[in-house]
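S.K.: As a plain string of letters, each chain reads:
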Amino acid sequence: MNASSSRVEAGTGARFAFSLRQKQVVWAWTFLAVPILFYALIRFYPTAEAFYLSVTNWNLLSKPDFIGLSNFERLFADPVFWKVFRNTVLYLAIGTPVSLLLSFTIAYHLDHVRFMHGFIRALYFLPFLTTAAAMAWVWRWFYQPVPIGFFNDVLVGFGLSQQPFLRSTTQALPSVLAPAIWAGLGFQVVIFLAGLRAIPATYYEAARIDGVSDLTILRRITLPLLKPTIIFLVVFSSIGFLRIFDQVYNMTSGDPGGPLNATKPLVLMIYQTAFSSFQMGYAAAQTVVLFIVLLAVSLLQLRLLRDR
Amino acid sequence: MAAIRITPGRTIVWLLLLLGGIAMLTPLLFMFSTSLKDSADVYDLRLIPAAPTLDNYAKVLSDGRFLRWLANSFGIATLVTISNVFFDSLVGYTLAKYRFRGRYVVFLAILSTLMIPTEMLVIPWYVMARNFGWLDTYWGIMFPGMMTAFGTFLMKQFFETIPDDFLEAARVDGLNEFAIFWRVAMPLVTPALSALAIFTFLGNWTAFIWPLIVTTSKELYTLPVGLSSFAVEQAIQWELIMTGAALATLPTLAVFLVLQRYIVRGVVLAGLKG
Amino acid sequence: MRVFRCMLVGLLLSFGAMTAARAQTVEIEYWQYVFEARIKAMDELIKRFQAANPTIKVKHTTFPYADYQTKIAAAMPAGQGPDVVQLFYGWLDNFVAAKFIQPLPHDVFPPAMIEKEFYGIVSAMKRNGEYYGLPTAVRSLGLFYNKNLFKEAGLDPANPPKTLDQFLDAAKKTTKRDASGNLLSEGVTLDFPGQDYHWWREVLLRQMGGAPYSADNRKVTYDSEAGVRALNYYADLQRVHKVGQVGFMDEGQAAFRAGRAAMTIDGTFRLGSFGGIKSFEWGVTELPASADGTRSNFASYWVNAITTRPTGAKLDAAKKFLAYLTSPEAMQVWLDTVGELPARKAVAETPQNLSHPIYAPFLKALAYSQATVFVDESAQRQVSLDMINRVLIQNQDAKASLAEAAKNEQAILDRFYKK
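Residue numbers (the numbering used here), protein chains in the order written: chain A, 1 to 308; chain B, 1 to 274; chain C, 1 to 419.
The hints are simulated quantities; they were obtained by calculation from the structure and are not laboratory data. Any given hint could be a false lead.
[Unchecked claim] Covered, in the sense of this in silico footprint (three residues per stretch, anywhere, with C-beta under 8 Å from a C-beta of chain B), are these stretches of chain A:
{"hint": "1", "region": "104 to 111"}
{"hint": "2", "region": "144 to 155"}
{"hint": "3", "region": "190 to 196"}
{"hint": "4", "region": "215 to 225"}
[As the list claims (entries may be wrong)] With the Cβ distance kept under 8 Å, some of the chain B side facing chain C (calculated, not the full set):
{"hint": "5", "residue": "ARG10"}
{"hint": "6", "residue": "LEU19"}
{"hint": "7", "residue": "ALA40"}
{"hint": "8", "residue": "TYR43"}
{"hint": "9", "residue": "THR216"}
{"hint": "10", "residue": "SER229"}
{"hint": "11", "residue": "VAL232"}
Computed from a predicted model, the values in this text were never measured in an experiment. From the three backbone atoms N, C-alpha and C, an ideal C-beta is built for every residue, glycine too.
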């Protein structure tokens, strides 16, 4: 419609219509000027610099020297890196399914609740608003042994034996993951609720008239219609778990990433390499690996989930 | 929702949901409860303190650091939110409502930045801040987050729903392009703006790793970084740490209770359009 | 009129004098890490120094311990940072290699004077014949014990354990568990990330007949029979005798402060924090000796050094300030405020100090203390942490864990000395 109206005006004065269009283009670029500068300086240039640093041996004090791929060789030969890589994948592999399963179950049942719906929804949502660093300390306290740790007190109260939690090489990672899942549940519940709400009631009514069971409704109608929501949450939460840092840093402050590197994710390794050991080049190489992992996981998930 | 029949099954489900919700709050309840306990009572794990006291709060607030950190977090989060609301809208609007060559390239370029994790940029940002003298300054904390691709796309989606006629009519009325953006388009997307504002504010309020890296003086710490340093410094005096954590959490909880409806709506909007 | 002119002249003169004085004022910057008592002490010292030296102003900046080294490493190459800096003695090699600090000028700090008046452990600050830093105070380890818990267990609070056997006995008697065997109060705290790894490396190891490093500090020598015995002794406290538990109350000193640990091995730097304990009486004694009477202790200290930044007038000011920081007066202030022992023998070994119930055990230990020469303290610390974790959490055999730790630590030493 715009095109035709400007053509009508063109009939009366060709030059006018042309410059009107051009003026808009000028405005558009004016609006974009500062943002483009920002993205170039704050996103693109640093990305290029990170890639550049990853192939140097810079350590903040001397001038960087180009050393090819030896940072990456050193990284892939380091058993600690593989432990860290495994941890990072575990955070994702445990975190995303558990939190999505929980949040969907809660949302599904909450959707059918009318009485105090808003209040109950608020109960699940509140943790999302907390600061990860602050809550990490609360959970750390919970995990202490008897007599000050809440969880162990409960276990012992039921006659079960205490658990080492943060002091165990097998339990530490899930223990650190728990507050992250806990905090993210509310967000996922709310999104699922909105997605469920968007499904027209007519589908359900038609199904009920046909006498279809609840389970079948769930499988054949609800879940397929929720696919965009599920995809969004899967990708969003995966990226969050792969980048976990705040909880690990605060819950393992005496032995960061420990015990024996059991909880160390890639971001903590990057932080220590860059800001404790000052090996910027080596740390940049690790960030490149993180980038590739994030990219691969996101693309993989989008591909797998879309095609089904 | 269609009418619900109240069956025993549904009641049990409701009860479980309620209990689950209360269980979710347990960490918060214990945090507040401990913050009101004397150091001798800390290890007595009752929920209601035997002798509640506000001494811990007095102690923690008395040296002024927490108030300073609160102010820092609030100021920084506010400024970054304002910047995002303005610039993300501006770019989103431009990408949605203008046709020009290179539009798609700009769109893709900004889209691609979504794929770049901030953890990757932390080292170059640190170097940049060091070279420009931004280390240990408020600007140093703020500059990476002044605009985001996520916010830009959120706004673009919403601006696209505005019929072009509205804008054309304004043009005919003689308004310049910026006035059209500011006075015609923006008011039509307020739900999205509030969603963006809420997300940006929350994200900056709880941000940890970048403020941790870029700040040196404890006067400049944001609340999460300050609390973390405070906790480690306190050599595990749990009642004081819990008080600090409570102080860090109270503001957002208070805001939530007041603005609950908008916040939830904002989350929904962001999720559905994302 | 004349009065007015006189006043004007007077005003101008004094104004001129003020600006002249201000123009001569040198400002230097001093950095240390955050520790309440130390900050308080340093503020007092700066106040006194500035009163005695009106043309010098000292700016006092502090950072949390975790970030301290990072901040220095970031600031110095950027041309910022302190003129006089406090650093942990274990970081000396890194700082010298990075050219952050300069050798102490001989005019104010002649090596002969240092060697005569300061404790021998200060020699760890010598590189190629030059001293790079001087401490105001030194710290050693002591055995803190809870007198109330001792009394409850039937032990004499005026007679704390003197040998390792007595120590183990006291620990067993004071350990309390509930009906299901859960620890309620431990006999001794087990906290490698605290001071225990020093106790193992410089005390237990030597008492079992071993040594942690070779004489030139370049080779790891603790993977020996003595090392195995020392590591097993420590691990058995939890594994066999069950008198303590790693992670109980999260940190050893938290357990002691809460009255749930009868004994803890910690340093003088804990005196300030323990001084606030009101719920029970506590005492300190020297670390237990081995059966054949061998005693050892680990001494550590933070030194003050002059960075490579100041020149000219600032360098002079820095030298004056450092001289004051290591003066007897400053050491006395530090002792009173922070509780750390004076680094000068004369100031430390006064009759008053030697009979002091709290300071005496720490002071006596200085005579037989070692200060480990670290090349990368945090990395070497992590090696020790991992070593004990492998033994206690993964049930690895002590000998194997020692071998692995020795290998890792030797790699750290090699990487440093080959540079």
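S.K.: Each of the hints needs a verdict: does it hold here or not?
M.R.: Consistency of the hints with the structure:
1. 104 to 111: holds (count 4)
2. 144 to 155: With 4 residues close enough to chain B, the hint holds.
3. 190 to 196: holds (count 5)
4. 215 to 225: violated (count 0)
5. ARG10: violated, 41 Å
6. LEU19: violated, 28 Å
7. ALA40: holds, 7 Å
8. TYR43: Result: holds, 7 Å to nearest chain C Cβ.
9. THR216: Cβ of THR216/B sits 5 Å from chain C, so the hint holds.
10. SER229: holds, 5 Å
11. VAL232: holds, 6 Å
Violated hints, listed in ascending order, are 4, 5, 6; each of the other numbered hints is respected by the structure.
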